[in-house]
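Trainee: Protein chains in written order, with my numbering: chain A, 13 to 217; chain B, 13 to 217; chain C, 13 to 217; chain D, 13 to 217.
Be aware that one or more of the hints could be misleading.
As the list claims (entries may be wrong) - List time: in silico EDC-like cross-link candidates among lysine to aspartate or glutamate, alpha-carbon distance up to 16 angstroms:
no., chain 1, residue 1, chain 2, residue 2
1, B, 98, B, 30
2, A, 68, A, 34
3, B, 94, B, 163
4, A, 94, A, 55
5, C, 94, C, 30
6, B, 134, A, 55
7, B, 94, B, 171
8, C, 94, C, 34
9, A, 98, A, 163
10, A, 134, D, 60
11, B, 134, A, 60
12, D, 134, C, 60
13, B, 98, B, 163
14, C, 134, B, 55
15, C, 134, B, 60
16, A, 134, D, 55
17, A, 68, A, 51
18, B, 68, B, 47
19, B, 94, B, 30
20, D, 134, C, 34
21, B, 68, B, 51
22, D, 94, D, 171
23, A, 98, A, 30
24, A, 94, A, 171
As the list claims (entries may be wrong) - Which residues of chain D face chain C? A partial, calculated answer using Cβ under 10 angstroms:
no., residue
25, 28
26, 32
27, 49
28, 135
29, 163
30, 208
The set of hints was computed from the structure by calculation and includes no laboratory data. Just so it is clear, CB atoms sit at the ideal spot from N, CA and C, and this is done for glycine as well.
Protein chains: 4
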Amino acid sequence: MEGTKLENQFQKETLRLETFSDGVFCIAVTLLSLEIGVELKTDATNSDLFHLLIQKWPICLAYIISFVNVLLAWIGHHSLFKLLRKTNNSVLIINGLLLMLVALVPFPTKTLGLFLQTGALKTAVIFYTAYFVVVSLAFRLLWHAATCNRDLFISGVTESQIRPTTRNENIGLVCNTIILAAAFANPWVSLALSFAMWIYWIASE
Amino acid sequence: MEGTKLENQFQKETLRLETFSDGVFCIAVTLLSLEIGVELKTDATNSDLFHLLIQKWPICLAYIISFVNVLLAWIGHHSLFKLLRKTNNSVLIINGLLLMLVALVPFPTKTLGLFLQTGALKTAVIFYTAYFVVVSLAFRLLWHAATCNRDLFISGVTESQIRPTTRNENIGLVCNTIILAAAFANPWVSLALSFAMWIYWIASE
Amino acid sequence: MEGTKLENQFQKETLRLETFSDGVFCIAVTLLSLEIGVELKTDATNSDLFHLLIQKWPICLAYIISFVNVLLAWIGHHSLFKLLRKTNNSVLIINGLLLMLVALVPFPTKTLGLFLQTGALKTAVIFYTAYFVVVSLAFRLLWHAATCNRDLFISGVTESQIRPTTRNENIGLVCNTIILAAAFANPWVSLALSFAMWIYWIASE
Amino acid sequence: MEGTKLENQFQKETLRLETFSDGVFCIAVTLLSLEIGVELKTDATNSDLFHLLIQKWPICLAYIISFVNVLLAWIGHHSLFKLLRKTNNSVLIINGLLLMLVALVPFPTKTLGLFLQTGALKTAVIFYTAYFVVVSLAFRLLWHAATCNRDLFISGVTESQIRPTTRNENIGLVCNTIILAAAFANPWVSLALSFAMWIYWIASE
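Starting from the given sequences, assemble the full structure and let the hints guide the process.
Mentor: Pasting the structure below:
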């Protein structure tokens with residue numbers, strides 16, 4: 013009885029952190045849409061509005077890229093915390109850092125969307141891809157902090173259940189670094205590589 | 013015992029996805045209101061403000077239409093997931109696509125509200141109604157992905173419980189396509205058909 | 013066993029609606045703060061910024077009034093749904109209408125804050141107070157729809173548990189109507205009455 | 013049986029308040045990011061955008077400071093409510109006041125970020141640090157209201173479990189007051205003290 017109560021207490025701890033984290037992911041992903049809109053032109057004709065909407069493709073593309081990236085990060089966060097039954101200070105702090113980065117995703121997204129058709133395209137793509145290198149670095153650190161202390165894991169989790177997540181975090185970090193490196197050579201190749209990585213994640217999930 | 017635990021684990025999986033989806037619906041619906049406001053005029057008289065507020069009717073109408081559409085989509089999402097006990101890759105990806113569309117509803121809503129009294133009315137209504145055709149298409153695809161694999165359903169769900177949802181998804185897609193077609197002929201008829209569809213949904217719920 | 017399962021199913025139904033409603037209340041209340049901010053003046057001195065901040069009192073006052081009003085509405089919504097174990101169509105639809113009104117609270121709040129120091133003060137206060145008459149009317153309707161069907165109530169709820177909520181909803185509607193009427197005579201008296209009503213609610217809770 | 017049901021009822025009461033509070037913390041923290049963005053310059057070169065991004069450091073710094081402050085407040089709120097099993101009027105009202113302050117954190121954050129490089133630096137830092145003195149005062153009041161009535165605590169909570177929270181709330185209030193006092197002497201020393209306090213909290217957690 014006492015044991016069950018303790019176990020439940022532990023589970024509740026992680027649960028509240030997961031719920032809070034989910035909230036940040038959820039709000040960050042929905043706030044992305046706030047940037048997208050057309051300005052009122054009171055004398056607009058039907059074809060004017062049509063062209064105004066068509067011209068919004070760069071910001072819509074940036075929105076789609078960020079939405080998928082944050083959603084994949086959420087799935088990663090989920091599969092990581094599924095294995096934990098409690099947290100310690102390091103996990104809490106690195107998770108806080110990760111949430112801070114996730115909440116700020118609208119900033120690089122806006123930058124990418126606004127400058128995709130300007131002469132500053134390369135800087136915009138480098139800034140955007142570098143941002144996600146930092147995000148995947150925070151994920152890798154979070155997982156490192158968790159695996160340092162096997163006491164945090166749900167009882168019965170074995171090495172063979174931990175290893176796939178370690179591999180995923182490593183691959184994510186390497187892929188994002190390659191995408192960043194590609195941005196220095198050619199921004200469009202870099203964005204194409206992002207799409208390729210998604211297909212890999214979705215297929216391997 | 014083992015079986016119950018497994019069952020619970022499965023339920024928790026769906027639960028977290030539902031909670032996340034609910035969050036996106038909830039935030040999208042509340043963010044719609046951000047666009048509505050009057051500009052400060054420091055020398056405004058009482059009748060000035062009265063007229064400023066009255067002139068806000070197009071954006072308020074667009075807000076109401078979108079609020080009801082998103083709420084109906086949420087109810088549909090709810091009744092769909094109520095039958096599932098776990099998810100697979102296809103359901104996860106199509107649900108992600110659906111959430112991306114829901115989160116972006118403020119964009120067509122703003123466009124509709126801003127251009128309702130301009131010469132670009134027809135384009136605005138076509139854009140808005142076409143957007144919801146895509147939303148109902150995503151719903152239909154989600155349901156298709158779910159019904160392809162009967163293993164995803166809660167044990168005991170029968171054909172006769174699945175069929176009404178299939179019918180609803182089909183009707184939704186057909187209705188939204190008719191509303192879009194009407195927009196090409198007459199934007200106001202199209203908006204009136206939206207109202208008629210709501211009454212149908214509410215009565216049939 | 014079968015009975016317990018059914019009962020749980022019913023509770024889960026209400027729970028998800030309550031969670032969604034809580035989300036709308038929660039986001040509406042937090043979005044109110046988005047309107048408050050000072051514009052950058054790059055050549056500002058310390059006393060310039062001090063005066064800029066002091067001049068923000070009308071929007072801060074409007075924020076405080078709306079925050080308390082939405083919080084009281086949330087408490088009312090909570091105590092209302094605490095008695096229900098399931099919902100029907102009327103309750104769902106009126107609740108949807110109520111959420112639509114709650115989500116739009118930032119609009120009258122902004123209007124009040126912006127025009128509090130202009131010649132349009134009276135119109136702003138009338139608009140604001142009339143808005144909350146509509147909100148309390150929606151609450152009264154929601155409660156009416158719930159009490160029409162005793163089957164919706166948790167088993168064991170008696171007349172004497174239902175009556176206080178009925179009385180509260182009625183008092184709320186009457187109070188808000190008086191506050192609106194007062195706004196036609198004197199806007200400041202109207203706002204003072206709002207404060208008085210809060211003290212009544214808090215004391216009677 | 014009756015006792016367990018009552019106990020559960022009490023727990024649910026606190027739970028819903030905690031969930032609502034979590035929501036406000038979560039949204040407030042994510043909304044902070046909305047202020048950060050660069051304006052479109054259609055003729056921007058790569059180095060233009062680079063310099064535009066670099067110039068955003070003050071608002072990014074303000075974002076990081078506020079994110080950590082709100083996250084620490086959330087952890088404090090969490091550890092405080094963990095000990096309570098039900099609430100009374102005073103706790104509800106003071107918690108409402110606290111949420112109102114948390115939801116408004118974007119206002120002082122924006123002010124700090126915008127005026128960090130202007131002549132109004134001192135006023136901006138004083139406003140920001142004074143705001144968090146008020147926040148920690150609200151926390152201290154909330155804890156005072158809770159400890160006044162031992163009936164609110166989970167059965168089995170002892171003096172030795174209550175004392176650390178009392179000490180933390182007192183230290184928080186004193187630290188924030190010192191940080192405010194330092195802002196009158198030197199704004200940068202004040203911000204440095206904020207960082208030092210975080211390290212203290214993280215180490216002592």
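Trainee: None of the hints should be skipped; say for each whether it holds.
Mentor: Here is what the structure says about each hint:
1. 98/B x 30/B: Roughly 11 angstroms separates the two Cα atoms, so the pair holds.
2. 68/A x 34/A: At roughly 29 angstroms apart (the allowed maximum being 16 angstroms), residue 34/A and residue 68/A break the hint.
3. 94/B x 163/B: 14 angstroms, holds
4. 94/A x 55/A: 55 angstroms, violated
5. 94/C x 30/C: Distance of about 9 angstroms is within 16 angstroms: holds.
6. 134/B x 55/A: Holds, at roughly 14 angstroms.
7. 94/B x 171/B: 15 angstroms, holds
8. 94/C x 34/C: 13 angstroms, holds
9. 98/A x 163/A: Holds: residue 98/A and residue 163/A sit about 8 angstroms apart, inside 16 angstroms.
10. 134/A x 60/D: 12 angstroms, holds
11. 134/B x 60/A: 12 angstroms, holds
12. 134/D x 60/C: 12 angstroms, holds
13. 98/B x 163/B: 8 angstroms, holds
14. 134/C x 55/B: Cα-Cα ~14 angstroms, so holds.
15. 134/C x 60/B: 12 angstroms, holds
16. 134/A x 55/D: 14 angstroms, holds
17. 68/A x 51/A: Answer holds: residue 68/A to residue 51/A is near 11 angstroms, not above 16 angstroms.
18. 68/B x 47/B: 11 angstroms, holds
19. 94/B x 30/B: 9 angstroms, holds
20. 134/D x 34/C: At roughly 39 angstroms apart (the allowed maximum being 16 angstroms), residue 34/C and residue 134/D break the hint.
21. 68/B x 51/B: 11 angstroms, holds
22. 94/D x 171/D: With Cα atoms ~15 angstroms apart, residue 94/D and residue 171/D stay inside 16 angstroms; holds.
23. 98/A x 30/A: The hint holds at about 11 angstroms.
24. 94/A x 171/A: Given pair residue 94/A, residue 171/A holds - Cα atoms ~15 angstroms apart, limit 16 angstroms.
25. 28: The hint holds - residue 28/D has a Cβ within 10 angstroms of chain C, the shortest such distance being about 7 angstroms.
26. 32: 6 angstroms, holds
27. 49: 13 angstroms, violated
28. 135: This interface hint holds because 4 angstroms falls under the 10 angstroms limit.
29. 163: Violated, because the Cβ-Cβ distance from residue 163/D to chain C comes to roughly 17 angstroms (cut-off 10 angstroms).
30. 208: 25 angstroms, violated
Checked against the numbered hints given earlier, the structure breaks hints 2, 4, 20, 27, 29 and 30 and satisfies all the rest.
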